[in-house]
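Line by line, the protein sequences give chains A and B. Just so you know, we're using full-length UniProt numbering here: the first sequence kicks off at 1 and counts up by one. Just so you know, we're using full-length UniProt numbering here: the second sequence kicks off at 1 and counts up by one.
Worth flagging that the hints you see were computed from the coordinates, not collected in a lab. Any given hint could be a false lead.
Under the rule of at most 27 Å between Cα atoms (straight-line distance), these lysine-lysine pairs were calculated in the DSS-like manner [stated by the list, open to error]:
id	chain 1	residue 1	chain 2	residue 2
1	A	Lys104	A	Lys31
2	B	Lys45	A	Lys211
3	B	Lys152	A	Lys19
4	B	Lys334	A	Lys104
5	A	Lys19	B	Lys19
6	B	Lys160	A	Lys160
7	A	Lys19	B	Lys31
8	B	Lys313	A	Lys45
9	B	Lys152	A	Lys334
10	A	Lys313	A	Lys334
11	B	Lys160	A	Lys45
12	B	Lys19	A	Lys334
Number of protein chains: 2
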Amino acid sequence: MHSESSPLGEFDLIQRFFKAGADAMRSNDQKMIALGIGDDCALLKPAAGEEIAITSDMLVAGRHFFMNANPELLGRKALAVNLSDLAAMGAKPIGFTLSIALPKVDAAWLEAFSKGLFAIANQYSCPLIGGDTTAGPLTISITAFGSIPSGKAIRRSGAKVGDDIWASGIVGDARLALAALRHEMNLPESDLKQIEHRMHNPTPRVELGMKIREVASAALDISDGLLGDLQHILNQSQVSAEVFLDRLPKSETLQKQSEDIQNQFAASGGDDYEICFTAPIDKRDAIDQISTALNLPLTRIGSVTKTAGVLEKLSLLNKNGVLLDETKSAALLKSFDHFVK
Amino acid sequence: MHSESSPLGEFDLIQRFFKAGADAMRSNDQKMIALGIGDDCALLKPAAGEEIAITSDMLVAGRHFFMNANPELLGRKALAVNLSDLAAMGAKPIGFTLSIALPKVDAAWLEAFSKGLFAIANQYSCPLIGGDTTAGPLTISITAFGSIPSGKAIRRSGAKVGDDIWASGIVGDARLALAALRHEMNLPESDLKQIEHRMHNPTPRVELGMKIREVASAALDISDGLLGDLQHILNQSQVSAEVFLDRLPKSETLQKQSEDIQNQFAASGGDDYEICFTAPIDKRDAIDQISTALNLPLTRIGSVTKTAGVLEKLSLLNKNGVLLDETKSAALLKSFDHFVK
């Protein structure tokens with residue numbers, strides 16, 4: 001009936017691109033999904049002793065991605081950034097809902113977008129279980145669900161004085177790619193090629209999140225900038241920290257830039273989707289083993305401290321262990337704010 | 001730190017309007033929420049033997065509501081339409097996430113919006129547990145969670161031949177109000193006053209959904225038009241139906257209109273947020289008792305049938321029990337399609 005009123009109406013569109021992708025995944029081992037797409041609600045049937053982790057991210061065209069962004073990469077990234085939040089709690093992905101506003105029904109765009117989306121969904125065994133589709137300015141809103149043994153989620157509030165502070169992978173490359181694409185700076189084509197994937201195609205650290213559940217005291221994913229995000233841990237754990245700027249893990253490409261650019265992009269560039277976590281110092285060996293097992297660098301960048309009389313203070317040290325001055329420090333601690341241009 | 005970069009930046013905004021509202025509800029009896037707003041994920045701790053119902057709805061300015069819509073009513077409606085989906089499965093609300101794109105930080109708008117949002121959240125004991133806030137064209141994306149004993153969800157697929165078809169409340173008034181506000185028709189001011197709340201301030205039938213869990217064979221909420229939505233039940237249950245047009249429950253205000261308008265708006269007006277459900281005929285007394293207990297009309301509008309050789313056919317009968325002709329019938333069966341103007 002709907003096809004009579006429009007050659008490719010809302011219901012056909014959902015059916016063709018999203019339900020097909022969801023159905024193709026039914027055979028996966030998602031025992032926790034009692035009912036997927038197609039009813040008023042989806043139904044999750046949690047395993048005994050498991051909690052459900054829930055995260056939501058909204059991506060807006062012109063704000064989080066360029067209007068003409070490659071739709072396949074966009075589909076990948078839209079889900080990946082949500083899986084990154086699940087990873088930061090140590091959760092195993094279960095499924096996700098997608099609500100999407102589309103300016104028009106563009107079959108080629110939708111095909112590419114859903115290809116990217118379901119590539120990540122398949123890779124992490126995280127099927128689409130519901131959502132909404134409407135006309136409107138291009139906006140992608142995903143809510144993702146993960147499973148985690150009761151009481152084992154890694155919260156932001158658990159950092160203890162004396163803990164090491166760790167960062168996974170490398171930081172700053174997504175910001176460097178953005179700077180080049182926005183023509184804020186000149187970057188050789190070969191350098192851009194090296195790092196561009198870090199902006200367009202981030203890897204959610206799902207395996208890492210599950211593995212550090214037993215060793216980390218606090219964790220979060222780095223989306224708005226490493227040091228700005230780290231401060232959420234400090235605030236919620238009511239502790240301070242010392243971070244050594246020169247220990248921030250950077251790519252060879254970023255290391256070709258000036259020290260100021262290196263520090264700025266690594267410290268507060270954002271869009272990294274790495275995990276920053278804290279752990280007691282007696283877990284260093286265990287963490288090094290996890291790093292080896294995953295073939296993923298895990299770098300100690302500083303320590304959790306308690307500044308007498310001052311709460312939740314993040315102190316930045318240069319390579320000689322000397323405190324940075326306030327102005328320099330403030331610039332590096334700034335998180336990305338979506339309402340400030 | 002964020003307040004240095006902007007007088008009212010993203011984090012302050014979340015804190016001020018949404019986290020405050022969420023915190024105010026912490027004292028409620030939401031034992032299923034292990035962790036609310038403020039970390040990478042929220043954590044639900046389902047009760048033993050309970051499934052989690054999940055639904056997502058996206059509302060776009062200029063499409064689902066007027067740009068200058070009253071923000072308090074908008075906040076109410078944005079959550080209410082999601083609770084309506086939970087109700088249609090028979091689920092008890094647990095909590096919701098809100099992702100919202102805002103063109104600018106408008107404190108007065110946000111205050112009114114969150115007032116309406118939390119009024120509904122409080123009324124149904126359904127706290128905000130997470131979400132996302134960003135700059136962008138005004139778009140509201142909510143995912144709501146409900147709890148339901150395992151296997152007890154009312155699915156669309158359970159209708160059986162011989163079942164009655166029921167509708168709650170009245171239908172068509174939201175469409176009548178829209179027609180008046182769009183100046184498609186002239187409606188006396190006093191009539192508009194009578195019915196406007198049906199468009200701006202729908203009541204999710206949460207209590208009804210939970211009460212009909214034991215009697216209904218299938219259910220859904222009426223959002224895109226009663227008969228169009230009913231066809232989802234027919235499709236998923238692989239049955240047909242006969243519906244008596246003159247039995248569709250209409251307000252006195254709608255009954256002042258021509259018979260054609262009455263039928264069109266009641267049958268396919270949309271935005272009703274009532275529940276359409278099927279139930280065996282031996283449940284009529286039980287359903288009448290539910291109606292009395294909730295002081296909510298529940299009306300039998302037709303029957304589930306099996307048309308030999310024809311699947312999933314919805315036949316419309318006039319008040320003399322005579323079949324409507326195909327053209328008239330097709331017009332009344334049309335659902336709202338968000339991509340057809």
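The hints, checked one at a time:
no.: 1; hint: A:Lys104 - A:Lys31; in the structure: 36 Å, violated
no.: 2; hint: B:Lys45 - A:Lys211; in the structure: 22 Å, holds
no.: 3; hint: B:Lys152 - A:Lys19; in the structure: 24 Å, holds
no.: 4; hint: B:Lys334 - A:Lys104; in the structure: 21 Å, holds
no.: 5; hint: A:Lys19 - B:Lys19; in the structure: 34 Å, violated
no.: 6; hint: B:Lys160 - A:Lys160; in the structure: 60 Å, violated
no.: 7; hint: A:Lys19 - B:Lys31; in the structure: 34 Å, violated
no.: 8; hint: B:Lys313 - A:Lys45; in the structure: 33 Å, violated
no.: 9; hint: B:Lys152 - A:Lys334; in the structure: 49 Å, violated
no.: 10; hint: A:Lys313 - A:Lys334; in the structure: 13 Å, holds
no.: 11; hint: B:Lys160 - A:Lys45; in the structure: 26 Å, holds
no.: 12; hint: B:Lys19 - A:Lys334; in the structure: 22 Å, holds
Of the hints listed earlier, those the structure fails to meet are numbers 1, 5, 6, 7, 8 and 9, in rising order.
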